[in-house]
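Asker: Now for the letters of each chain:
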Amino acid sequence: MTDQAYNFAYLDEQTKRMIRRALLKALAVPGYQVPFASREMPMPYGWGTGGVQVTAACLTPEDVLKVIDQGADDTTNAVSIRKFFQRTAGVAVTEATGEATIIQTRHRIPEQPLKAGQILVYQVPIPEPLRFLEPRETETRKMHELEEYGLMHVKLYEDIARHGQIATSYAYPVKVEGRYVMDPSPIPKFDNPKLSVNPAIQLFGAGREQRIYALPPFCNVVSLDFDDHPFRATKAAHDCDLCGAKDSYLDEVITDDAGGRMYVCSDTDFCAGRQAAGHAGRLAAGGKA
Amino acid sequence: MYVAVKGGERAIDNAHSWLAEERRGDPAVPELSVAQIREQLALAINRVMAEGSLYDPDLAALAIKQARGDLIEAIFLIRAYRTTLPRLAAANPVDTGAMAVDRRVSATFKDLPGGQVLGPTFDYTHRLLDFALMAEGAAPVAATAPADGAPVPRVTGFLNRDGLIEPALPDDTPPPDLTREPLELPAGRPLRLQAITRGDEGFILSLAYSTQRGYGRTHAFVGELRIGAVAVECEIPELGFAVEIGEITVTECETVNQFKGSKTEPPQFTRGYGLVFGQTERKAIAMALVDRALRWQELGEDYVGAPAQDEEFVLSHCDNIQATGFLEHIKLPHYVDFQAELELVRKLRREAQTLQEAAE
Chain Z
1 MTDQAYNFAY LDEQTKRMIR RALLKALAVP GYQVPFASRE MPMPYGWGTG GVQVTAACLT
61 PEDVLKVIDQ GADDTTNAVS IRKFFQRTAG VAVTEATGEA TIIQTRHRIP EQPLKAGQIL
121 VYQVPIPEPL RFLEPRETET RKMHELEEYG LMHVKLYEDI ARHGQIATSY AYPVKVEGRY
181 VMDPSPIPKF DNPKLSVNPA IQLFGAGREQ RIYALPPFCN VVSLDFDDHP FRATKAAHDC
241 DLCGAKDSYL DEVITDDAGG RMYVCSDTDF CAGRQAAGHA GRLAAGGKA
Chain Y
290 MYVAVKGGER AIDNAHSWLA EERRGDPAVP ELSVAQIREQ LALAINRVMA EGSLYDPDLA
350 ALAIKQARGD LIEAIFLIRA YRTTLPRLAA ANPVDTGAMA VDRRVSATFK DLPGGQVLGP
410 TFDYTHRLLD FALMAEGAAP VAATAPADGA PVPRVTGFLN RDGLIEPALP DDTPPPDLTR
470 EPLELPAGRP LRLQAITRGD EGFILSLAYS TQRGYGRTHA FVGELRIGAV AVECEIPELG
530 FAVEIGEITV TECETVNQFK GSKTEPPQFT RGYGLVFGQT ERKAIAMALV DRALRWQELG
590 EDYVGAPAQD EEFVLSHCDN IQATGFLEHI KLPHYVDFQA ELELVRKLRR EAQTLQEAAE
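Those protein sequence lines, which keep their order, are chains Z and Y.
At position 38 of the first sequence the residue is numbered 38 (our numbering), and the sequence of numbers has no breaks.
Position in the second sequence (first residue = 1) + 289 = our numbering.
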């Protein structure tokens with residue numbers, strides 16, 4: 001049932017047009033932050049208003065939508081955003097990564113590789129990768145214009161000097177097509193390699209900061225590093241306790257007050273799919289434990 | 290045995306119904322009507338209209354009721370509604386010089402044409418709790434006198450005649466629209482004023498206060514503060530003339546700021562300007578002070594590094610809907626990034642320990 005009081009996917013057509021123009025520009029200049037006239041949405045800034053506006057501008061009635069937060073389809077805010085689009089656009093929804101045409105995400109890239117024709121929409125809190133090095137927007141825009149990224153390299157170098165390694169574990173900065181340094185949103189750096197040469201379209205929406213940026217399909221994305229300190233995608237050194245996956249990103253769950261821990265896939269669809277296919281981890285129901 | 294948390298949808302539905310019950314409070318106590326809120330909490334209505342950027346007392350009252358009196362939440366409801374409304378036309382600038390004033394005071398002249406009109410102000414009330422209000426009595430009645438209808442000329446106009454104050458020249462350039470274009474910096478005065486008039490009252494108040502305490506001092510006098518109704522007129526293309534479509538109450542504050550001159554400007558008084566929906570006196574005065582502080586560049590003053598002088602700082606942080614959203618979002622799930630940080634801290638600690646052991 002769609003809510004008749006509002007236009008398809010909530011936003012009026014003029015607003016969608018404005019957002020689509022920003023999206024096209026963003027796709028034409030990969031990694032460049034395009035200012036757009038972000039609207040107040042019926043959920044708070046910080047809850048994914050940028051992603052919601054981008055999704056609303058991309059949705060067609062035939063689309064199949066998946067919404068994840070922290071990799072999971074059933075976290076409260078993912079449930080809430082999915083419900084919003086069911087209500088305002090009446091589109092089909094799915095939890096299966098392979099069946100979705102548009103996936104809105106917060107903080108993760110699905111484990112299952114995406115394919116051509118899919119759109120991945122990221123919710124972005126702070127789009128500016130240089131923000132915590134230089135708080136002024138007027139300055140950081142100039143730095144991007146001049147490709148003046150020395151400050152970022154100094155920061156990474158200082159990390160190594162102080163900690164022996166680059167002490168950034170999420171929202172790890174990347175360089176797009178050899179030009180713009182970009183914030184991939186707060187995804188764990190484990191997900192960074194999936195940004196590059198991805199057949200899907202990747203769109204990033206920052207509502208409060210009024211910025212949209214994009215990675216067109218198969219675009220080259222390099223995580224910043226040094227020759228003698230190459231980038232490494234890391235995760236907890238465990239297997240999933242439910243599905244046994246060795247190569248998926250894990251959530252750490254506290255199971256008792258005596259230091260008991262278990263590790264489970266953060267991507268709920270991936271984990272459920274593996275369990276359905278008969279894979280079992282250490283603590284799986286009916287498993288060895 | 291661990292079971293992944295499911296049922297987010299049911300939890301959300303239950304939270305909403307509990308919230309609705311809490312909003313109503315004790316059902317033995319009569320429910321507040323929207324009209325009661327509109328009439329009896331008028332200053333809350335004014336704040337919601339001003340910061341929500343929508344002049345509609347009934348909707349503001351509804352928003353306050355729905356938000357359980359949380360004014361920022363009410364402002365958010367109004368903003369989210371406002372953004373869905375079509376733009377039918379742009380009104381002509383309101384003529385505050387022709388305002389039907391309820392209140393008009395000048396701190397710079399003892400008497401002046403149009404007179405000093407105190408109006409319904411808290412200014413000289415003694416802040417003693419009026420326990421009589423706990424019992425519901427008859428409606429109080431104020432003394433009245435016929436309106437004299439005489440024009441109330443602006444204080445800054447008198448100063449302008451003598452050339453003592455910087456001129457405010459008319460400018461027909463269409464102003465940019467903060468709600469339809471992304472904010473780009475430097476913003477310029479029209480955009481700054483738009484942002485400040487809908488900015489958070491507390492934030493603007495504190496910034497203005499900081500200028501008074503010396504962080505970008507502007508030596509402000511309230512040249513004039515006026516509150517009253519102004520006509521809203523709209524150009525009707527088919528008619529070829531403007532038609533009055535309604536009336537709104539606004540508060541306007543013009544400050545007269547002492548100015549010793551700079552390299553580019555002669556010694557003269559300068560202006561700060563505040564204009565806010567409704568009777569919102571504190572906000573209008575604060576707005577005028579912040580406006581004046583932000584004008585340091587055009588007046589050739591020094592930038593002393595005060596927060597109230599910093600356009601980017603003020604405009605990026607004055608919107609309470611943006612601020613509260615970003616602040617509160619940190620309570621949303623962050624398991625994934627926190628997990629990444631956990632792994633990093635564990636690794637750094639392991640390595641630090643190894644180094645220490647090696648040293649010993």
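It is worth saying that the hints were derived from the structure and are not from the lab.
Think of the CB as a built atom: it goes at the ideal place given N, C-alpha and C, for glycine as much as any other residue.
Be careful, since some hints might not be right.
Cut-off 30 Å, straight-line C-alpha distance, at most; resulting in silico cross-link-like pairs (DSS-like, lysine-lysine) [unchecked claim]:
hint, chain 1, residue 1, chain 2, residue 2
1, Z, Lys155, Z, Lys83
2, Z, Lys155, Y, Lys620
3, Y, Lys636, Z, Lys175
Have a look at the derived ranges for each label pair, beta carbon to beta carbon [unchecked claim]:
hint, chain 1, residue 1, chain 2, residue 2, range
4, Y, Ser495, Z, Thr60, 42 to 50 Å
5, Y, Ser495, Z, Ile254, 21 to 29 Å
6, Y, Ile301, Z, Asp159, 37 to 45 Å
7, Y, Asn303, Z, Ala5, 23 to 31 Å
Beyond 12 Å from chain Y on every Cβ pair, some chain Z residues (computed) [as the list claims (entries may be wrong)]:
hint, residue
8, Asp63
9, Gln112
10, Val154
Asker: Are the hints correct? Go through all of them and say.
Answerer: Each hint tested on the structure:
1. With a C-alpha separation of about 41 Å, the suggested pairing of lysine 155 of chain Z with lysine 83 of chain Z is violated against the 30 Å cut-off.
2. A distance of roughly 28 Å separates the Cα atoms of lysine 155 of chain Z and lysine 620 of chain Y; the hinted pair therefore holds under the 30 Å criterion.
3. At most 30 Å may separate the alpha-carbon atoms for a hinted pair to count; lysine 636 of chain Y and lysine 175 of chain Z meet this at roughly 26 Å.
4. In this structure, serine 495 of chain Y and threonine 60 of chain Z meet the distance hint of 42 to 50 Å, their C-beta atoms being roughly 47 Å apart.
5. Separation of serine 495 of chain Y from isoleucine 254 of chain Z is about 41 Å and departs from the stated range, judged on CB atoms against 21 to 29 Å.
6. The hinted window of 37 to 45 Å between isoleucine 301 of chain Y and aspartate 159 of chain Z holds, with their beta carbons roughly 40 Å apart.
7. A hinted range of 23 to 31 Å holds for the C-beta pair asparagine 303 of chain Y and alanine 5 of chain Z, which are about 25 Å apart.
8. Separation of aspartate 63 of chain Z from chain Y is adequate, the least Cβ-Cβ distance of about 21 Å exceeding the 12 Å criterion.
9. Against the 12 Å criterion, glutamine 112 of chain Z stays outside the reach of chain Y, whose nearest CB is about 17 Å from its own CB.
10. No Cβ of chain Y approaches the Cβ of valine 154 of chain Z within 12 Å, the least distance being about 20 Å, so the stated non-interface status holds.
Hints 1 and 5 from the earlier list are contradicted by this structure; the remaining hints agree with it.
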